[in-house]
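My request is simple: use the sequences and hints to build the entire structure.
Okay, here's what each chain looks like letter by letter:
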Amino acid sequence: MKIQTVKCCRLSVLLLFLLLPFSLFAQEEGTWKPASPSSQAYHEYRLKNTIPPYGLVKIKALIAQIKDSEDDSRSSLNQKAYLALSLNEKFTYHMIHAESYSQNCDAVPPIIDEDKKIFGTLPDAFNESSWSERQANFLKSQKDAVVSLIKESVNRSKRVGLNYKTALVEMNATETIPFLIEQYNRDHKDFDILTVLMLLMKNNEYKPFMMSASFIKLYGAKSDAQSFINYNKANEELIISRAMAFYNGRK
Amino acid sequence: MAGSKILLFWLFSLLYQQAIGQQDTSFVRIEQGDYSLGGKTHQLNPLRKVHIQTFCIAATELTNHQFKAFIEATHYITDAERLKNAMVFEPGLDEFKWLEDSTACWKYPNGKSRGGIEDKMNHPVTSISYSDARAYCTWAKVRLPSLDEWEAASRAGASTLYFWGNDVEKIGEYANIWHGRNHKVADASDGYLYTSPVGSFKPNAYGLYDMYGNVFEFCEGTLRTDPKDRKLAHARGGSWWCSKNACGFFNSLDIGRVSPHASFSNQGFRVVKR
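Those protein sequence lines, which keep their order, are chains A and B. Going by our numbering, the letters in the first sequence line up with residues 1 to 251, in that order. Going by our numbering, the letters in the second sequence line up with residues 1001 to 1274, in that order.
In short, the hints are calculated from the structure, not lab data. Accuracy of the hints is not assured; some may be wrong.
Below, in silico cross-link-like pairs of lysine-lysine (DSSO-like), each with a Cα-Cα straight-line distance of 30 Å or less [as the list claims (entries may be wrong)]:
{"#": "1", "chain 1": "B", "residue 1": "Lys1068", "chain 2": "A", "residue 2": "Lys116"}
{"#": "2", "chain 1": "A", "residue 1": "Lys140", "chain 2": "B", "residue 2": "Lys1228"}
{"#": "3", "chain 1": "B", "residue 1": "Lys1040", "chain 2": "A", "residue 2": "Lys33"}
{"#": "4", "chain 1": "A", "residue 1": "Lys207", "chain 2": "B", "residue 2": "Lys1097"}
{"#": "5", "chain 1": "B", "residue 1": "Lys1097", "chain 2": "B", "residue 2": "Lys1068"}
{"#": "6", "chain 1": "A", "residue 1": "Lys117", "chain 2": "B", "residue 2": "Lys1228"}
{"#": "7", "chain 1": "A", "residue 1": "Lys116", "chain 2": "A", "residue 2": "Lys251"}
{"#": "8", "chain 1": "A", "residue 1": "Lys202", "chain 2": "A", "residue 2": "Lys48"}
{"#": "9", "chain 1": "A", "residue 1": "Lys251", "chain 2": "B", "residue 2": "Lys1068"}
Rough simulated footprint, nothing fancy, chain B against chain A, three-plus residues with beta-carbon under 8 Å [stated by the list, open to error]:
{"#": "10", "region": "169 to 183"}
{"#": "11", "region": "187 to 196"}
Built from N, CA and C at the ideal position, the CB exists for glycine as well.
Okay, here's the thing in structure tokens:
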């Protein structure tokens, strides 16, 4: 009887030992994994806009008036007030306020290991808003002046905000490629600058990039708005050298 | 010969889809219980168990026919009609780009130039905002589902990304989505460029139609990332605009966000009994 009990206990221990790794694994399978603090911090960093100084107090007051009006659903400055703004003031207005709406699924949620990834697209610069047609037209029609103001502001703040990156892509500002690389090389932290370089190459159908493995992964048949390549030195150098070759080959 | 057979089959499928698309909203009872919601790595929708009380959710999205009854009874003016800033789509636009159209509203979902809803009364109402959806609910004495209720209903007991598993290739059986590589060229390969009649595709195991695709469905609730200083609306399930290469939100996991006054032609809702 005693021997049987011991055997039974041994068998139970053996069974428990055999089952343990599986039950631990099952528990792991069912556990939510939060992004690391550095990944979360990088997500916040990616979403930061740069606030231009030109007429900032006046523009903030005008935006506050739109938002304080009885109808909280309006988001555009009236045409008369808009046209009365100087070019520099218009620049500030556009960089801190978007008049139109962003679609429900434009939202880019934080993801695991965001700080180790180079994405194919930029997040939304203005949350649930985006530039209206007149705002997009302004950026394109005043491209040289806007690029000049962005450069001036970046040289002062040492940061290319998400709003500036979005504007550079919107304006197809390929002439800023060396400037962007210079900014990236300051600290090699802002991988979204590499994203801007790739978007400029893609939007201008630069063949050597379009035939690359990175292009297929980021913009190919199986890609989506959250596609990424892992950050590593080789990928970084390849993007920069391709972007410079594209820049030098422009007509 | 083979070509004409394919054409006949396609025409038959289209007629069949339109025939079953005539049905109107009925309600499906979802029993109270502990539901497994969220995903293991999803940062906005973490994997968790949630207790949900019994609720009855519409089998289909709310139709133009039903919304028209509300407008006729109340003379309600939608956000799109008031603000004249509805967002519409036409093929040829870059990814995630929409056009603002002052003529668009629920009666002309993509603007007057792209046609009205006269022959689309059994399609989901669109080009309405979250505020408009809530106004309808108040009038009809119903409510929007919570984010959790919507997910429990869409999953129909499944714990996978889609209610049938994880294979995205099956999406065409269950949902009206965009099948094109991008939005530069029109895609009506599933029979529909924009919305389809409600109930045109296969339902989930609970008998709920169009939980994915057709229109994004407004829900009640907030996310931890919502700003403190302004209200956001959240909608789920993807839409006719969504594609594998763009947003891909036609699943039980993702949750979007939009201004409560924004009117897009891929937004709608389904209701829950109070």
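Within 30 Å, alpha carbon to alpha carbon, are Lys116 (chain A) and Lys251 (chain A)?
The hint is violated at about 35 Å.
Just to be careful, I want the Cα atoms of Lys1040 (chain B) and Lys33 (chain A) compared with a cutoff of 30 Å; is the pair within it?
Holds: Lys1040 (chain B) and Lys33 (chain A) sit about 6 Å apart, inside 30 Å.
Tell me whether the statement that chain B covers the region 187 to 196 of chain A is true, taking a Cβ distance below 8 Å and needing three residues at minimum.
violated (count 0)
For the pair supplied as a hint, Lys117 (chain A) and Lys1228 (chain B), is the alpha-carbon distance within the 30 Å limit?
Holds - the C-alpha atoms of Lys1228 (chain B) and Lys117 (chain A) are around 29 Å apart, at most 30 Å.
For the pair we were handed, Lys251 (chain A) and Lys1068 (chain B), check the Cα-Cα distance against 30 Å.
56 Å, violated
Check whether the Cα positions of Lys1097 (chain B) and Lys1068 (chain B) lie no farther apart than 30 Å.
Status holds; Cα separation ~29 Å.
Please work out if Lys1068 (chain B) and Lys116 (chain A) have their alpha carbons no farther apart than 30 Å.
51 Å, violated
Lys140 (chain A) and Lys1228 (chain B): Cα distance at most 30 Å?
Judged against 30 Å, a Cα distance of about 34 Å means the pair is violated.
The region 169 to 183 of chain A covered by chain B? Criterion: 3 or more residues, Cβ-Cβ distance below 8 Å.
violated (count 0)
Would the hint linking Lys207 (chain A) and Lys1097 (chain B) be met if the CA-CA limit is 30 Å?
25 Å, holds
Going straight from one Cα to the other, do Lys202 (chain A) and Lys48 (chain A) come out at no more than 30 Å?
Roughly 24 Å separates the two Cα atoms, so the pair holds.
Violated hints, in rising order: 1, 2, 7, 9, 10 and 11; the structure is consistent with all others.
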